[in-house]
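Novice: Please construct the entire structure, taking both the sequences and the accompanying hints into account.
Chains as they are written, first to last, in this note's numbering: chain X, 91 to 226; chain A, 91 to 226.
For the record, the hints were derived by calculation from the structure and aren't laboratory data.
For clarity, every value in this text was computed on a predicted model and none was experimentally measured.
Misleading hints may appear alongside valid ones.
Note that identical chains are pooled: a pair holds if it fits in a single copy or bridges any two copies.
Stated by the list, open to error - Heads up, simulated SDA-like pairs for lysine to any residue below, C-alpha to C-alpha not over 20 Å straight-line:
id, residue 1, residue 2
1, K126, G155
2, K176, L195
3, K126, G99
4, K112, S149
5, K126, P182
6, K168, G125
Protein chains: 2
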Amino acid sequence: MKPLKVRSGCPLSSVLDIIGDKWSLLIVRDILMNGKNTYNEFLRSKERIATNVLADRLSLLETTGILAREEHPESKAKIFYRLTDKGIDLLPVLVELILWSNTHLPIDEAARSYGEALKRNKEAMIRQLMAAARKQ
Amino acid sequence: MKPLKVRSGCPLSSVLDIIGDKWSLLIVRDILMNGKNTYNEFLRSKERIATNVLADRLSLLETTGILAREEHPESKAKIFYRLTDKGIDLLPVLVELILWSNTHLPIDEAARSYGEALKRNKEAMIRQLMAAARKQ
DNA sequence: AAATCAACTTGTTATTTGCAAGTTAATTTG
DNA sequence: CAAATTAACTTGCAAATAACAAGTTGATTT
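Specialist: Quick look at the structure:
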């Protein structure tokens, strides 16, 4: 296992010790917003994560309690990766990151209009996505 | 300069292409919440960033328009690093990260009570910190 | 029974990080 | 005013991490 090291007692540095990289939050996004739940689904995302990095991040997110591995309801060959409540609670972070991108970066047109809706309706959309994630 | 590469048109992956690492947001935190503005002040933060990594992040944050280098009002030997509006707009992201840590991670007691205040008074505190950063 | 799929692991190379030391221009000290 | 110190970096090198390709193992499908 990984001996996750904490750099300080600062809440910001501590959360960055866990998800401060270019991939972890994309996995959370894929589960929370793109309906993905398996290893191969994560692999096929358009950012093309390397397979060893994906395995590493999944195990880190599992040991830090952000996601849990479960039996897949449809096949014993698959593993169903589910966000815990702790993981679902990252949604407001994702939302603020998306809103910032929407304001300050060039992004896909489809994403842009989704971002506009998010901006107009932030709280309701967060509640709805969190509820959906819990139900799953 | 750095040829910042974008992995996809997804707003989340695009912002992570810029600040998806363990250090960039700590620099933003130091400016926004700890009153730091110079290279040596960043170096002395308790997480101990390496000097070459700090130089690298500062130049990346500058080329992406998150911060700007200015003359220091008190000394020609110093550089005053100031957040741009684009950088200041990262505050809501920092706040959600801090609130998540406050709920889900063990953190310093002082930080914890600050987090409690933040939770009770989020919008007002964000407005106040952003206004202060702009005035500076 | 053979091929394919799903989730990894392993090996190799490239890139990034961490650490120590050095550089240069400005500023302070004796 | 020469010498030491400060500020902001840069450089060199070893260690860790990431990217890429290929291989493994236990389902599942053909």
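Novice: It remains to establish, for every hint, whether it holds in the given structure.
Specialist: Okay, the hints, checked on the actual structure:
1. K126 - G155: Within one copy only: 18 Å inside a chain, 33 Å across chains, cut-off 20 Å.
2. K176 - L195: For K176 and L195, only the inter-copy Cα distance (10 Å) is at most 20 Å; the intra-copy one is 29 Å.
3. K126 - G99: between (33 Å within a copy, 19 Å between copies)
4. K112 - S149: both (16 Å within a copy, 18 Å between copies)
5. K126 - P182: within (19 Å within a copy, 27 Å between copies)
6. K168 - G125: This pair counts as within: shortest intra-copy Cα distance 15 Å, inter-copy 50 Å.
Taken one by one, the earlier hints all hold for this structure without exception.
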